[in-house]
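4 protein chains.
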Amino acid sequence: MLVVMSNSATEKDIQRVAMFLEAKGFEARISHGEVRVVVHAIGVKEEVDQRDFELLPGVLEVIKVTTSYKLAARVSQGQDTIVEVNGVKFGDKYTGLIAGPCTIESYDQMDKTAQELSESNVKILRGGAFKPRTSPYTFQGLGEEGLKVIRSVADNHNMAVTSEIMDISQIEMFMRYVDILQIGARNMQNFNLLKELGKIHKPVILKRGLSATYEEWLMSAEYIMSGGNNQVILCERGIRTFEKYTRNTLDLSAIPVIKKLSHLPIIVDPSHATGLRDKVEPMSRAAVAAGCDGLIIEVHHNPEVAVCDGAQSLYPWQYDLLYKQIKQIAPIVGKEIV
Amino acid sequence: MLVVMSNSATEKDIQRVAMFLEAKGFEARISHGEVRVVVHAIGVKEEVDQRDFELLPGVLEVIKVTTSYKLAARVSQGQDTIVEVNGVKFGDKYTGLIAGPCTIESYDQMDKTAQELSESNVKILRGGAFKPRTSPYTFQGLGEEGLKVIRSVADNHNMAVTSEIMDISQIEMFMRYVDILQIGARNMQNFNLLKELGKIHKPVILKRGLSATYEEWLMSAEYIMSGGNNQVILCERGIRTFEKYTRNTLDLSAIPVIKKLSHLPIIVDPSHATGLRDKVEPMSRAAVAAGCDGLIIEVHHNPEVAVCDGAQSLYPWQYDLLYKQIKQIAPIVGKEIV
Amino acid sequence: MLVVMSNSATEKDIQRVAMFLEAKGFEARISHGEVRVVVHAIGVKEEVDQRDFELLPGVLEVIKVTTSYKLAARVSQGQDTIVEVNGVKFGDKYTGLIAGPCTIESYDQMDKTAQELSESNVKILRGGAFKPRTSPYTFQGLGEEGLKVIRSVADNHNMAVTSEIMDISQIEMFMRYVDILQIGARNMQNFNLLKELGKIHKPVILKRGLSATYEEWLMSAEYIMSGGNNQVILCERGIRTFEKYTRNTLDLSAIPVIKKLSHLPIIVDPSHATGLRDKVEPMSRAAVAAGCDGLIIEVHHNPEVAVCDGAQSLYPWQYDLLYKQIKQIAPIVGKEIV
Amino acid sequence: MLVVMSNSATEKDIQRVAMFLEAKGFEARISHGEVRVVVHAIGVKEEVDQRDFELLPGVLEVIKVTTSYKLAARVSQGQDTIVEVNGVKFGDKYTGLIAGPCTIESYDQMDKTAQELSESNVKILRGGAFKPRTSPYTFQGLGEEGLKVIRSVADNHNMAVTSEIMDISQIEMFMRYVDILQIGARNMQNFNLLKELGKIHKPVILKRGLSATYEEWLMSAEYIMSGGNNQVILCERGIRTFEKYTRNTLDLSAIPVIKKLSHLPIIVDPSHATGLRDKVEPMSRAAVAAGCDGLIIEVHHNPEVAVCDGAQSLYPWQYDLLYKQIKQIAPIVGKEIV
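In order, the protein sequences belong to chains A, B, C and D.
Offset between the first sequence (1-based) and our numbering: plus 144.
Offset between the second sequence (1-based) and our numbering: plus 144.
Offset between the third sequence (1-based) and our numbering: plus 144.
Offset between the fourth sequence (1-based) and our numbering: plus 144.
Just chain A, same shape as in the assembly (with noise of 0.2 Å):
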């Protein structure tokens, strides 16, 4: 921790900053600029609450310079964390694909959908069965009912599945049925969901948040990771900014970020970061340029009846247009889709 002191501090508020650090088990070394002083704290307490030292008078700024994750910091580890399922690798030099509809709605409708999806070689299925709905008058999903319907789906075609965990009571259903367990953008800092996840053996996509900075996400990671649980691919989804004309913001920029600060793979949802299906395509495509581990794209095998988020879900032949050139965009940017 660095206390950067004031043009106008005095001797004596150096002197304070350095017996307050003492107190609370630091080393203090005290280093004088042309302008100002820096007092340089040496030691790594967790507990320390740098605004205890912003109070102090003659304090004019108090810098962390330790990063509180570890385990996903990419420092950590030598080389780029590889999730495997169902063949599908994310990470390193690998760009993984998951598609599916929004919400299961029915047998028949994920039936049609994979049938379509596995023609574009498929091999991961999406689709949620407990929906996080702003408004609690609207369709919350088919429950258990609908993680059957996908499982069995899958199984006719060969497909792994991953769906959205909303609590940590569904945690043993959700064993039962899924491979790959997602955690959505308003539950990324759903601590105890998150502490839960890191004791199984499962992997986990931890959407960002919807105002989460790539430090906080981080962070929700290294819940999962310090339980144990060392599969978590990350997934940007667009952020909240003062542009409404999108649903969200896609922060494309986070794909090298994210790279140069860790070691786990992430992808991109364009489907939900843009929430209009003719803004899928173009961000799908970037999201690769830009160098992504992975995507995870809504398709609907007849969204102009979906139940939920219709608008923003490919057509089957969309997304095989998508899918032939994202193939040839990959190895351009030194990645393989497989």
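Every clue listed holds true.
Copies of the same chain look alike in the list, so a pair counts if it fits in one copy or across any two.
In silico DSSO-like cross-links for lysine-lysine, where the CA-CA straight-line distance does not exceed 30 Å:
| hint | residue 1 | residue 2 |
| --- | --- | --- |
| 1 | 388 | 479 |
| 2 | 388 | 339 |
| 3 | 471 | 237 |
| 4 | 267 | 256 |
| 5 | 388 | 237 |
| 6 | 208 | 156 |
| 7 | 404 | 468 |
Just so you know, these hints were derived from the structure itself, not from any lab.
Position chains B, C and D relative to chain A; hints supplied.
Relative to chain A, chains B, C and D alone:
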């Protein structure tokens, strides 16, 4: 719902929209303006997604004209909701006060703080037993032991208790110790938790999410109310913006806006919003001057040794001074502090 | 400047940073912490771009510890700046008031409004002659004719005049008619204009840009002050956030923050911030309760027929009522309205 | 314009709205829905402020259904605008490239950079002579001398020139040296400057303001076009959000959105958006994959000694590599780099 057609929409486009609306169960009424045609969809269908219409050829924009919150809406009842706990009232012409430390650390700490606060007429004590911390490596609260402490201390000083609940599994425990349950900003859209709190018979403080719009916030209140619990207190605690000098940006305009849209009381948490003690006082006074229905303020008998968020906690003497100031401001704006 | 090295930085990386710093004219002082090494760059070089160091191998982060604003900084002078115009004071313990319509429409309109305002003790009249409008197809103001009108009306009522300047070419004209020049939010970083206003001898109201940080705002004040004009009044008028219900989000925390960072007076424009009349009153009271040094409020003798922004203009009787309320609030927070 | 009445609006409220609309010159058409009444205002009146209606009793919301930009709107012409300079085309199926240093430092620097860039087929050279710097104490550019340098160097390498103009007084000078005028983000709403650039006969690159919505951006283009200059190129360069790790958040969704709303070409500046060299390459590729009409990229023959923004400048060999990648990506998305 209103479907606004673009300048270049053809007669066929307009007819397609009308037919599509009728297929969804609406009556379609077409109105020709000087530049644009507007199709008014008569009827209310919760499940209709307006984006399905935005994607039809010739459509410029689709506008929902019904609000999704009903019970929380001002029009749903003739007068302001007043929540009363231990003689303290929130809502209508009353401004209620809640104070206490961020975290329950020990019996001694709670007792000393409560003793000082009772001298400033505080009748509702706050304190966290389960803490939602960004990092898994920091103190996570005393848990049930903490709830026992705050209950016991509050009883000794004739105070009521409020504390933050983080998970459905804790409801039964909280019902034993706590008079008002708090939902933190990170859980504002933990819909499963909201639904369960709709079934209890105690007031709930619902904090605004870091990037929640007014409408989403009221929709979350609606989740609780639709379960049968009308005792919801909304709490503004700052939103996330580009400005990082303060921890969050306290949005005091929420006060007059929420009072226009809803009958529910709105209180303000200046401690979490600003994150620094010297900003808590001016922002508390500002909130009262803007007509808020209450304040929840962090106070610690000795902030310098607080385990958590000491930097934003007032000293008891500061709280007392602030109390005297807001007692003077309230009547100027037609409010009463009881 | 502080260069924080990453965990994985080698001794060679550290030496490279030190050498690079010395090449740029700094003295490099290396400090070894428990986890990280920090290199303290001693010296002040305006032209150095900290990102040049961020790109060096092994560097985690680079932190500037000198603020770029000097004359605007609190430490640059012993006491608060007080700007006085026509007996009205802004700054230190004084809260000054400015009122008038958004736009100068006619002599009759200005005269009627000024007549009413003079009865509420207003001594500085506002009104726009050149309007920065988002659309080229809307009314752009009366121009110089408007300035003549406001000057003449103000003289008749013993008032001073403030109006917004948009371009360097207008300075000479404004010097003839106006007592305080306003720089609008869109021009906060029109550096050529700021430089020229540094050469005049009249006070300048500098509105905060829609997405300007506190530091950028103070840097813009520095542009004016470094030219020799110290009479700068900062004006908070709302920032752009994700919340669109209000026109902008009024950031009242700016008041205590700016008062900590700078000696310059800070006033608030609640009319542009909220955009609706019924929000102007509570936010004006809140601003005074938070300790602002002044208010600039839109008032029109007949808002319903106002050419521009009538919706956010108070009726004169509303202004009078508000004036009476804030006269009572100011002394509670140690301020005086003169 | 559509006036949506609240649930509790009375018949009298509805009639008042209708009368008020007619007084403003509209025809009022009342439509009764299941829950709400909507009044459709027939007619187009530029000067009407919708908030005047929002304040009437019983009104819930007022919605404008006409866009304010007309010439910039897609419907205003049958096909995409193509801007062509020195054989480089922007728009429709063409992706044009611009490269060069942030700042013109010397003849030698420009010549070396241009020499390298010409080997990568660059035909339009960028370089700033007047720099909008946040601090008054940093290098402000070489001024006219800089324009002479870039013109002369460009002529030697058969290149065209683009540079940023900051003030109306510079227009005549820029017309002598520059082929494409740039308007920086801070000047996007400098309406006086926009109006003057409407009168010239050279293309203008209009950068998006840091917090400008798509609509405001197109309205600023409209200012230029309404003066008679149709050669406007829009440039996305990142917006300001809560995420501070990158300098700005590059909003690539702007590409498909602008292409839907307007016929004008849209290019991307990945250098200013991200602020760091290692993010420029992935974001450039992403922009091309999303279908942009051009890129403007900072390249310096020796970034480590650049006076300004060296950290975000590519080395010439990096540019060359990037050029080869995007040449491959463009045809996959139906574009051509000429």
